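Keeping the supplied structure of chain A fixed, place chain B upon it in accordance with the hints.
For the protein sequence lines, the chains are A and B, in the order given.
Residue numbering for the first sequence follows this note's numbering, beginning at 1 and increasing consecutively.
Residue numbering for the second sequence follows this note's numbering, beginning at 1 and increasing consecutively.
For the record, the hints were derived by calculation from the structure and aren't laboratory data.
Among the hints, erroneous ones may be present.
[To be verified] Derived list of chain A stretches under chain B, where covered just means 3 residues or more per stretch with a C-beta under 8 Å from a C-beta of chain B:
| hint | segment |
| --- | --- |
| 1 | 58-69 |
| 2 | 147-161 |
| 3 | 218-232 |
[What the hints assert, rightly or not] Residues from chain A shown here face chain B by an in silico Cβ test under 8 Å; the list is partial:
| hint | residue |
| --- | --- |
| 4 | Leu84 |
| 5 | Val120 |
| 6 | Leu259 |
| 7 | His260 |
| 8 | Ala264 |
| 9 | Ser268 |
| 10 | Trp269 |
| 11 | Ser288 |
| 12 | Val290 |
| 13 | Tyr292 |
Since this is a predicted model, take the numbers as computed values, not measurements.
In this text, a Cβ means the ideal position worked out from N, Cα and C, and glycines have one as well.
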Amino acid sequence: MKQSMRFTNAAWGLLFISPWIIGFAWFQFYPLLLSLYYSFTDYSIVKATHFIGLQNYVTMFKEDKDFLPSLRVTFLYTVIAVPLKLAFALLVAIILNSKGRFINVYRTMYYLPSILGGSVAISILWRFLFMREGIVNQVLSFAHIPAVDWLGSPNVALWTISFLVVWQFGSSMVLFLAGLKQIPADLYEAGMVDGASRIRMFGSITVPLLTPIILFNLVMQTIGALQEFTAAFVVTNGGPMKSTYLIGMKIYDDGFKLLHMGYASALSWVLFAIILILTLLIFRSSRSWVHYEDGGKN
Amino acid sequence: MLRYGKEPALTGRLVKNILLLALGLLMIYPLIWLFFGSFKTNTDLFGSLSLFPKTFVWDAYSKGWRGTGQFTYGTFFLNTLMLVVPTVFFTVVSSAIVAYGFARFQFPLKGALFALMISTLMLPQAVIIIPRYLIFRNLGWLDGYWPFIVPAIFACYPFFIFMLIQFFRGLPRELDESAVMDGCNPVTILFRILLPLCKPALFSAAIFQFIWTWNDFFNSLIFINSVKKYTVSLALRMTIDSTGGTVAWNQIMSMSVLAILPPLLIFFMFQRYFVEGIATTGIKG
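Chain A extracted, bound-state conformation (with noise of 0.2 Å):
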């Protein structure tokens, strides 16, 4: 008797994640499989496919003049992007942990980029913006500041690029408001008796208790950076001069454009690494700077 309720239970939950077991066979697993497989051979759709090795790992290393560069890009990039987006998450996120009358309207502002930003429409919007003849030009030239080249000068577009995903951080942010939140009051209670300054409790208080939501964004925030297309093939197209070429989007060209799809897949496997790795890295350093309440047990 009770051995068969124990498998009508197994039974009824395997028949409810079965679409789940389903869709990652075959649109998760069975893609990641194959396209380990076509990184080995020279598959594009228009000719006969051949097995060639290591070949494509060897041509992007000796031989793509675009290969490392992208790379290069795609990590001045990350680094740039994710510590501005996560500081001034957290900044934000602070000042508006507090109690008043408009912090509701401040949070809604803060956000909105966020959920829109990913969106064309805003990178065309961003194009526009920092256009050579663009108002933030024009705002600059108000202030006496010569114009920026921010979409033409190899130095700058990156940081054009950037400013976008940072000007997202309110999904970081909310995030950091959350954790926040759960912060027990009586350890500032304990601080201030100890006559701590705010300073000091920040440090020793804020930031170690934050430290786990600190991990998730950066871990997250990473992983995405690191994958980003939408505004550097919208806002630049890569250019100028290559300059925010970031691997995304050389993915795109040598798969969809050149259909080099063999070449491409060993270029997102190369991809794949770097984010398994980095990640491992990731969460390997946070065991010396992440504070569980719990003393890591967990």
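This is chain B only, laid out in the frame that chain A set:
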């Protein structure tokens, strides 16, 4: 500034509010500017710092709507809805069913399957997009909306599964047990008892999926190639590419305004669910 300590003095509060307001206005200024820009002439757009148009141009919307001739934005908006609505619907239904399975039942390999499901959160789109393209091509689904809808039917969005699992875990198991006493089976428990209680979570999943799918550009770029089937994102991108010579920027802006309007409306209508959803699950926006 912070929640602890004594109430800051009035001047302090004032300074803080002014700062917050200034920064907030800076944040939404591009959006406001986009709106007013859609009524400006090109000379006005490039020649003046003023937010408000010197001369209002009213026809940017009607001219922009006509698109590049063959198809109007009416087609593109309808296409986008035909893609987004089923995708959102099936995402929510399938994610809820799968989440229920994970949250309430014991089965072999459950821990491993759960870990697998969560780890797909990290799977880069780039790694699977080429094989997916080829799979859909073999099935004859390219240039249509099945590549979006079918993965939604099969719960390919671990974000939402995870979010709903968290929500189910918060509902007392006694509910299920007493429903069993009343003769309910697991299906009726899910649909009659638990899902009605999950409305906030289901709403936030639907809202997020609506906005993400509406804004999605990459997947539409890959899977859709005939202009007749274009989504608004693709149409906008086509508009800036195909208008050579003098670009009528106000027309592009007007269509951009319309393109961000549905997510904007959804956001303001369901703001409550929004913040709840993102705060309780930690998903990105």
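Here's how the hints hold up against the structure:
1. 58-69: It is violated: at least three residues are needed, and the segment 58-69 of chain A offers just 0 whose Cβ sits closer than 8 Å to chain B.
2. 147-161: n = 0 at 8 Å, threshold three: violated.
3. 218-232: holds (count 8)
4. Leu84: Since the shortest Cβ distance to chain B is 14 Å, the answer is violated.
5. Val120: Since chain B brings a Cβ to about 4 Å from Val120 of chain A, closer than 8 Å, the hint holds.
6. Leu259: Hint violated; Leu259 of chain A Cβ to chain B Cβ min 10 Å, cut 8 Å.
7. His260: violated, 10 Å
8. Ala264: holds, 6 Å
9. Ser268: holds, 4 Å
10. Trp269: holds, 7 Å
11. Ser288: Result: violated, 22 Å to nearest chain B Cβ.
12. Val290: violated, 15 Å
13. Tyr292: violated, 16 Å
When the structure is compared with the earlier hints, violations turn up for hints 1, 2, 4, 6, 7, 11, 12, 13 and for no others.
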